[in-house]
Amino acid sequence: MANADPRARECNVASRGGEVPVVEVTRAYQFSAAHRLHNPRFSPAENARIYGRCNNPNGHGHSYRLEVTIRGPVSPDTGRVEDAQLLDALVRDRVIARVDRANLDDLIAPTDGPTSTTEVVAGLFWRLLDGALPAGRLHRLRLEETPNNFFEVERDGVGR
Amino acid sequence: MILLTKRVEFCAAHRYVNPRWTEEENQRVFGKCGNEHGHNYVLEVTIQGDPSPDTGMVMDLKDLKDLITEAVVDRFDHTHLNRDVPYFKEKVPTPENLAVVIWELLEPRLEHCTLHRVRLYEDGSFFVDYYGQRGSPG
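As you go down the protein sequences, you meet chains A and B in turn. First residue of the first sequence: 1, per this note's numbering; consecutive thereafter. First residue of the second sequence: 161, per this note's numbering; consecutive thereafter.
Simulated from the structure, these hints should not be mistaken for laboratory data. A hint or two may mislead.
Unchecked claim - Derived DEER-like restraints, expressed as beta-carbon distance ranges:
#: 1; chain 1: A; residue 1: 73; chain 2: B; residue 2: 215; range: 37 to 47 Å
#: 2; chain 1: A; residue 1: 28; chain 2: B; residue 2: 271; range: 18 to 28 Å
#: 3; chain 1: A; residue 1: 106; chain 2: B; residue 2: 285; range: 35 to 45 Å
#: 4; chain 1: B; residue 1: 268; chain 2: A; residue 2: 92; range: 18 to 28 Å
#: 5; chain 1: B; residue 1: 215; chain 2: A; residue 2: 106; range: 52 to 62 Å
#: 6; chain 1: B; residue 1: 271; chain 2: A; residue 2: 111; range: 48 to 58 Å
#: 7; chain 1: A; residue 1: 20; chain 2: B; residue 2: 169; range: 21 to 31 Å
#: 8; chain 1: A; residue 1: 134; chain 2: B; residue 2: 283; range: 22 to 32 Å
#: 9; chain 1: A; residue 1: 96; chain 2: B; residue 2: 283; range: 14 to 24 Å
#: 10; chain 1: A; residue 1: 28; chain 2: B; residue 2: 169; range: 16 to 26 Å
Note that CB positions come from ideal geometry on N, CA and C, so glycine has one too.
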C-alpha cells in the first residue's frame with residue numbers, strides 16, 4: 001500500500017499552518033502574424049537605416065509565442081490559481097483571435113506606439129488582458145518574436 | 161549572488177478530485193482532468209548563493225542532482241500521485257500544489273545556499289512558479 005512505500009515517506013508535508021501559498025501559473029499560446037516596422041514620422045532613408053530588413057515595404061512575419069502568467073493564491077478547493085480553460089478562452093478571445101493570421105500593423109494605434117515592434121505589441125497585449133482580468137491578477141507577459149528574441153512585461157516592472 | 165538551475169524530469173499519473181465534493185461537482189469543475197492521466201513533468205530547481213572561494217561553485221551540480229533525485233524524483237517518478245502520495249489524499253494534485261510540496265521537500269535539505277524558485281512544467285505550454293512563502297521577487 002501507499003503508506004508502506006518508502007517513496008511516500010515524509011510526504012505528509014504540512015501546509016504551513018493553513019497559510020495559502022501564492023503561485024504563478026503560466027500558459028503558452030502561439031499565433032502567426034505579419035508586420036512591417038515603419039514609423040511614418042521618419043523619412044524613407046531613416047526608416048531603412050533604423051529598421052533595416054524589418055522595413056521591407058512588402059512586410060514579413062513571425063510565428064509568435066505568448067506566455068501569460070497569472071499570480072495568486074492556490075484555491076484550497078481546486079488546488080488551482082486559475083481555471084486554465086477560462087484563461088485560455090479569455091486570451092483567445094481578447095488576443096489570439098485578433099492577431100492570428102493577421103497583420104499587426106492593422107491593430108496598432110498611435111497611442112500604442114510608433115510601429116509594431118514586439119515591445120509595442122507586448123504593451124498592447126498587456127492592456128488588453130489586464131483590463132479583462134480581475135485587478136492585479138496578470139503578473140507577466142512574455143512575447144517571443146522568434147525563439148531567440150523575446151520581450152517581457154511585468155507588473156510593477158518597466159515596459160508598460 | 162548567483163542563481164543556479166538544475167533541470168530534472170519525472171513521470172507520474174494523477175486525476176483531479178476533491179474528496180469533499182460530489183461526483184457532479186468534481187465533473188463540473190475539473191472536466192477531463194478528473195479522468196486518470198499522466199504527464200512527463202519537467203522540474204527546474206533554482207538556488208541562489210555565492211560561489212565558494214575554493215571551488216568557484218555555488219553548489220556542486222552533482223550534489224544538487226543527487227539531492228533532487230532523492231527528495232523528489234525517486235519519490236514521485238512512476239507513481240500515481242493520488243494513490244502513492246499521502247499529501248494528495250486530501251489535496252488536489254495540481255502542478256500548483258505539487259510545486260509547493262517540492263519546495264517543502266527541498267528547502268530544508270539545502271545548506272550554504274537558498275532555494276530561490278521551483279518551476280514545474282506539466283507540458284510545454286503550462287508551468288507554475290513557486291518562490292516560497294515570501295512570494296515572487298519584485
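Status of the hints after comparison with the structure:
1. A:73 / B:215: 37 to 47 Å: holds (40 Å)
2. A:28 / B:271: 18 to 28 Å: Violated, since residue 28 of chain A and residue 271 of chain B (Cβ atoms, about 35 Å apart) do not stay within the stated range.
3. A:106 / B:285: 35 to 45 Å: Violated, since residue 106 of chain A and residue 285 of chain B (Cβ atoms, about 27 Å apart) do not stay within the stated range.
4. B:268 / A:92: 18 to 28 Å: Check failed, 42 Å falls outside 18 to 28 Å.
5. B:215 / A:106: 52 to 62 Å: Distance hint for residue 215 of chain B, residue 106 of chain A holds at roughly 56 Å.
6. B:271 / A:111: 48 to 58 Å: holds (53 Å)
7. A:20 / B:169: 21 to 31 Å: holds (29 Å)
8. A:134 / B:283: 22 to 32 Å: holds (26 Å)
9. A:96 / B:283: 14 to 24 Å: Roughly 18 Å apart at Cβ, these two residues keep to the hinted range, so it holds.
10. A:28 / B:169: 16 to 26 Å: Given about 18 Å between the Cβ atoms, the range holds.
Comparing the model with each numbered hint stated earlier shows that hints 2, 3, 4 do not hold.
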